[in-house]
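Colleague: Whole structure, please, built from the sequences with the hints as guidance.
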Amino acid sequence: MKKQLKAYFYGHVQGVGFRATTWRVAQFYNIDGIVRNLRDGRVELIVEGEEQTIKDFIRELTHSHMKSYISHVDFIWGEAEGKYIHFHIVR
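For what it's worth, our numbering labels the leading residue of the sequence shown as 2, then goes sequentially.
Just so you know, the hints here were simulated from the structure itself, not pulled from any lab data.
Incorrect hints may appear among the rest.
To be verified - Quick list of in silico lysine-lysine cross-link-like pairs, DSS-like style, CA-CA up to 27 Å: (1) Lys84 to Lys4; (2) Lys56 to Lys7; (3) Lys4 to Lys56; (4) Lys68 to Lys7; (5) Lys3 to Lys56.
To be verified - Here are the in silico distance ranges between beta carbons for each label pair: (6) Val91 to Thr63: 29 to 39 Å; (7) Glu80 to Gly18: 17 to 27 Å; (8) Ser69 to Met2: 13 to 23 Å; (9) Asn31 to Trp78: 11 to 21 Å; (10) Val91 to Tyr11: 13 to 23 Å; (11) Asn31 to Thr63: 17 to 27 Å; (12) Glu45 to Ser65: 24 to 34 Å.
Ideal Cβ placement from N, Cα and C applies to all residues, glycine included.
Modeller: Rendered as structure tokens:
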């Protein structure tokens with residue numbers, strides 16, 4: 002069963018290549034979803050896929066060279082809605 006994960010990244014996560022890195026990692030894991038900057042300085046990530054694949058994706062992302070920019074992450078799990086095809090950076 003596919004899951005959805007909404008993750009909100011805090012820290013110095015805008016203007017450092019975080020969204021581009023997220024896109025590259027998402028391509029490797031064949032994850033569907035979006036990543037975008039929020040006005041309050043956070044980055045929002047919404048992904049859908051198999052739960053273990055999402056966990057592996059998040060582990061790689063948070064242990065990449067971006068980890069020093071992340072101070073905190075909030076995770077919200079739910080059932081996949083099926084509204085994302087591929088992975089996109091929202092500008």
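Colleague: Run the structure past the numbered hints and jot down the numbers of the failing ones, going up.
Modeller: Failing hints, ascending: 6, 7, 8 and 12.
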